[in-house]
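With these hints in hand, go ahead and build the complete structure from the sequences.
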Amino acid sequence: MSKQFLTALFAFLFLAPLSAQASLRVAAAADLEPLFPPILVQFEKNTGIHAEATYQSSATLTTQIENGAPFDVFLSADLSFPKRLINDGLADAAGSADSSTPITYARGTLVLWSRKDSQLPSPSLDLLRSLALKRLAIANPDRAPYGRAAVAALHSLNLYDALKPRLITAENIAQAAQFVDSANADAGLISLTSALTSRLSADGSYFVIPRDLYPPIEQGAVIVSSTRQPAAAHKLLDFLLSPAVQAELAKSGLTPVK
Amino acid sequence: MSTMDWQAFALSLRLATVTTAILLVIAVPLAALIVLGRGRWLAAVEALAALPMVLPPTVLGFFLLVLLGPRTAFGRGIAALLGHPLAFSFDGLVVGSVIYSLPFAVQPLVAGFASVDTALVDAARLLGAGPVRLVSSILIPLARRSLLAAVVLSFLHTIGEFGVVLMLGGDIPGATRTLSIVLYDQVENFDYAAAGHTALLLLGLSALALVAVYATSQKRGSARRA
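So the protein lines, in turn, are chains H and Y. At position 201 of the first sequence (counting the first as 1) the number is 198 in our numbering, and the numbers step up by one without a gap. So our numbering is basically just the index in the second sequence, starting at one, shifted up by 52.
Please keep in mind that the hints were generated in silico from the structure rather than gathered at the bench. Built from N, CA and C at the ideal position, the CB exists for glycine as well. Honestly, I wouldn't trust all of these hints.
[Said to hold, decoys possible] FRET-style restraints, in silico, Cβ to Cβ:
id, chain 1, residue 1, chain 2, residue 2, range
1, H, 254, Y, 259, 46 to 56 Å
2, Y, 212, H, 64, 15 to 25 Å
3, H, 64, Y, 105, 27 to 37 Å
What follows is the structure, given as structure tokens:
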């Protein structure tokens, strides 16, 4: 092996990680994954700030931030996790009217989704009542906001007890969608953001669960207190709430708040 | 949630026992074939038996979910055979666990069988021993520790298995909610005290079982030597 090669290998192995720029680190709820990357690209174009997102369930991200994960901004899929961080003094919504309340940046929509080639009727409230529905996938109601909404909606419809033995609990909303898309579950209560992805919109169809059946899925953002880039973090939140981005969110399955 | 989910505990034990038993039936002949056989294709067999370690468990679980699901002919065939689909069932977890833990049964056995003196194997062959006799009278007795290692590793690996179960299981109490899923749920739900208790009990019981297994195997070994 030539000396140059070894030097290059050494540089690749040990120096490359150091050259990464200190970018804005965003902890983003998993339901944002289908739509968020282009928003970050646009953000960098507008402001020159490079931001990178990590997608996980809101609960996992909360645990990571509690244990010192170096995130600057946390975009949760609900309000309870960011509130928890605010109460622990680990995050705040500084700059907004009330710094102790997470900034709501969007609202989530729950849909009933099934494959087009399913033997069952297309998604509707009647499908939920059907005895032919053997397996209904939901996200874990203990922590996934959409799972919580799914259980609330089933309770409102007085269907929870009847469907309970037929519920398949997925770790998060994306996995609930995988259970249905792989045809292992007949239908699933998933997020509109998942249903609108090119993969799922090609494979199936959805029915929007009436909003009065479940408490709103408000998605809250906070700034992590340990951030070294508070100004950049604020810019990202302002950008999220700007009319252009809010319109973008609406196209991807989130309800704008502005 | 109670601090200790005994149903999940029993389910994990059952899954690990069934998986280990099936793995032994598969891995002993497979390891013997790899060690005793001749031909280049055996390298491919050995590589194939090690491959499940490469895939992230959740990804392996996802592939199995698709493969065993009603959208593939294979999945439909199995469902027709068993009368129910494999995903979200105990049987499905067994299939996933056997694939996932296969390397942990095959690797120690191959290493153990290969370390047996080839002169002994050749002598046995000359005396007319067939492959079954070779394995049962020469390889297994002389590679006892490796067999034990294979059993212990397969069992513990299945107890601790998480990604495949998470993907293929659907978290159904009594059928697919194993102890590692309960532990994960407790941690994710910020119930750290309960998670601590569960983990401590799991670690304690496993340590006791391991010490017991290793102690007996050592006694037998030293008795033979003396």
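Each hint tested on the structure:
no., hint, result
1, H/254 with Y/259: 46 to 56 Å, "holds, 53 Å"
2, Y/212 with H/64: 15 to 25 Å, "holds, 22 Å"
3, H/64 with Y/105: 27 to 37 Å, "holds, 29 Å"
Checked against the numbered hints given earlier, this structure breaks none of them.
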